[in-house]
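> Below, each chain spelled out in residue letters.
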Amino acid sequence: MADMISIRSVSRYYGIYKALDDVSLDIGAGEFFSLLGPSGCGKTTLLRSIAGFDTPTSGDIRIDGQSVIGTPPNRRPTNMVFQNYAIFPHLNVEENVAYGLKRLKLDTAEERRRVGAALEQVRLGALGKRGANELSGGQRQRVALARALVMRPKVLLLDEPLSALDKKLREEMQVELRSLQKAVGITFILVTHDQYEALGLSDRIAVMFGGRIAQVATPKDIYQHPLTREVADFLGGMNFMKARVTGETAGELSVETHRFGNVRVSKPLGFAARDGHATLGIRPERLRVLWDDAEADHSLEGQVVDRHYFGEITHLIVDVPGMEKPLSVSETNNFGADDIPVGAPIRLAYDPDALVALRD
Amino acid sequence: MSGRHGIAKSRWLPAYVVVYLAFLYLPILLLPIFSFNNAAATTFPLAGFTLKWYASLWTNTVMLEAARNSLFVGICVATLSTGLGICAARALTRYRFRGREAANGLLMAPLFLPEIIVAVSLLMIILQIGMELSLATVILGQTVFCLPYAMSVLTSGFEGFDRSLEEASLDLGETAFGTFRRVTLPVVAPAIVSSLLVSFTISLDEFILAFFLSGTEPTLPVYIWGQLRFAAKLPSVLALGSIMIALSIILLTTAEIIRRRAERRIQGA
Amino acid sequence: MTALPASTIADPDAPARAHWKDSDEAKGLMLVSPTLLYALALLLLPILIVFAYSFWSQDYLTIDHSFTLDNYRTALGEPIYQDLLWRSLTISLVVSLITVMVSYPIAWFISFHGGVHKSLWLFLITVPCWTSYLLRVMSWKVILGYQGVLNTGLMSTGLIDKPVTSLLYNSNAVVITLVHSWAAFAILPIFVSLEKIDRSLIEAAHDLGDNKIRSFLRVTLPLSLPGVISAFLIVMIPTVGDYVTPKLVGGKDGVMIATAIQAQFGKGANWPLGAALSVTTMVVVSVMAGAVVLALKFFVRRIR
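Protein chains in written order, with our numbering: chain A, 13 to 372; chain B, 161 to 429; chain C, 34 to 337.
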């Protein structure tokens, strides 16, 4: 995949505050790419630098091979969907969508055709004459999308476009956004702090903390093989434990744990043992309850100390003797995990492959 | 209604509001009442309906000259204070800079100063630099006085204006100037019109500064002040005053309607 | 979401890297400068000149620029100026107290019971105050005069048989007229501060056992204090220097300091004395305003 966006050593300082700290990143043509991280991690600054609303203190940004440093936003081949949608209040839906086209001096028929097509694309065909203040949140978002897509940008930038919508609508729009991206085939860059949104929509995700990129990978990779403890924690629950490193090769670590035995795990990039120890992690859903006399190759025993019911799943907090902290276990309620009483003894099965080593 | 927010509306409060409104409005309504009264004295009972006081205004060349002066001054003051107000309101709502608070304080200061001191200080500096008192000096002075009002109207208009609208416009390929013309101006236009009308009204009614700074060319309030000494002139002054009050109310109502329509549009239904 | 000041829109012709002239700071200063220069030249500078003049002296038409405190000695020492200053301060204090007290319930009514028509109510209340000040004072003169509306009205209804003389040309007439003139200026700041009060705070006070009066005194009033204070300042300071009202309805008994100031720039032609009177008035009224603000704060703290 050819690189559509290439970011090289970009930094952005506000006084002594580093909003972006030596960020390098390549994003392919036609890719749905997400920038994921907590508030203040620099993801919005990075997006705004690509759009041209923010100028990096140093470094280079290339779009389709052209450096865009110094190019104002109105001359970049990118278009943006703003967090609050920024629908022009004095224009109706059609006029909003046609706003950018007016600059291109198309003939009237062509302009109308493109506006109509864009509105069809976001399923707003019937609302062209609606005033900007007569739109619901979801409709405003569709107008913002149509207004940007009608410009046929090489890259569409989306700044937390779903955060203003309620849960149900947000889920609907996620599906629609994904199919829209497939249909138009251009690069989408999405900024979000919602890990489920990033996991569900993206081809690849960059997780950012403190102005730096912590990891770039596919959703599955980033969830199953987080590089650092921070990344693992941000993308859902994780049980952490300390383990003694007994052997190290180029790509693997042999470790000895208190309750999970001796295991071999793949070594994360840039790993360095501390005092001969490493941090291991296992996701709560990779621990399964062993019912009755069921046997498993790898299991451990403990006692339920707390229980949280979430509808389709139950979170069990299990105290395992010898572990520093109780384990968090996520079990579906299909087999009655919601009926396990607090205080009951319990056996848990796991797959040693589910253990990952993490950089601290 | 009562009990909402746990705050019951007492029975005497609406009555008090009515009395208060009467206190506010009756003195103003008196002028038009007596301006149609067929007697030179402002006494009850009324002596019958007449339009002669209004008719007498049309032949009063001194008054018409003063009205022309007021119109000229009002238009200049409205334009100048709105223009300056746009710069300041935009800078203060949009940018953070050192001295922002101090600048805002200085511009708002005329609200918190006795008007006579503003007038006296302006008179001193104008005579000091050897300028002749004229309508121009009235315009300069009234603009200082109108700025806080213009700024209040404009600031509230600009605060409702979301910066991302301008960014969206740039993002869609429009230039900085085009963005100003196609987005900024249309969205804040109602606030600007409102500010023009309010400034014009204030200038039209302003007396102290005009009194100190107008030299030999009176504005309407200065003309009225001169007429107050003559009891016989009172009815025609009442007629003139009624016209001015009606004009003020019309202008202010227009400004309010424009402002509210714009607010509805920006905030959404 | 990023907790940083978003940068400004880049000027299309600007060079690549952010220079100071592209910063928010520079753009803000550049944009505000025409207005600021105007206000500096025609507001701050004149006031500084007044200040300077108050330390100079005048001999017929020539100004002696050597420093002197004589003007202040006259302004503070001459009984006539003492009287005028004292009366001006008393009147402005009384006017501001009355205005704030009669306006507070109105502001409260609009804020708590104005419903969807709040802005319409505010407009109704403020419109009279936007009409010509001179005409309103004139109207009061017509009302309160010996042969005025009130006297002749009361006589025609038979309530009195000869005109009451004490209505016009005294400080009461000045106070009534000024209260009428400044009502809206007091209502607006109080209304704004009442609007900012989270209604659930009052509910919380009720929930915790306060009755309506106690919750008003312990929650609503203290939280609206900033509005009350600005209402005080915005009425008291300008009224101390009012010129038209005392002139038209004050008579001999209602003359205020502005008349004396004006005289120094008219017939009296003693600019330095006029300047000293202006400065004295400003300083004294500011000190008194400060004292009122402190007293209010103390008073409200005691209630809590």
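It should be emphasised that the hints constitute simulated quantities derived from the structure, not laboratory data. Quick caveat: nothing in here was measured; it's all calculated off a predicted structure. Incorrect hints may appear among the rest.
To be verified - A partial selection of chain A residues facing chain B, derived with a Cβ cut-off under 7 Å:
hint : residue
1    : Phe65
2    : Thr83
3    : Asn86
4    : Pro89
5    : His102
6    : Tyr111
7    : Gly112
8    : Leu139
9    : Gly140
10   : Tyr235
11   : Arg286
Every residue gets a Cβ at the ideal spot worked out from N, C-alpha and C, and that includes glycine.
> Against this structure, judge whether each hint is valid.
To see whether the hints hold, each was checked on the structure:
1. Phe65: holds (6 Å)
2. Thr83: With Cβ-Cβ at 12 Å, over 7 Å, it is violated.
3. Asn86: Since chain B brings a Cβ to about 5 Å from A:Asn86, closer than 7 Å, the hint holds.
4. Pro89: Not OK, violated: A:Pro89 not within 7 Å of chain B, min 10 Å.
5. His102: Cβ of A:His102 sits 5 Å from chain B, so the hint holds.
6. Tyr111: holds (5 Å)
7. Gly112: holds (3 Å)
8. Leu139: With a closest approach of 15 Å, the A:Leu139 hint is violated.
9. Gly140: violated (18 Å)
10. Tyr235: Interface hint status for A:Tyr235: violated (33 Å vs cutoff 7 Å).
11. Arg286: violated (44 Å)
Hint compliance for this structure: hints 2, 4, 8, 9, 10 and 11 are broken, all remaining hints hold.
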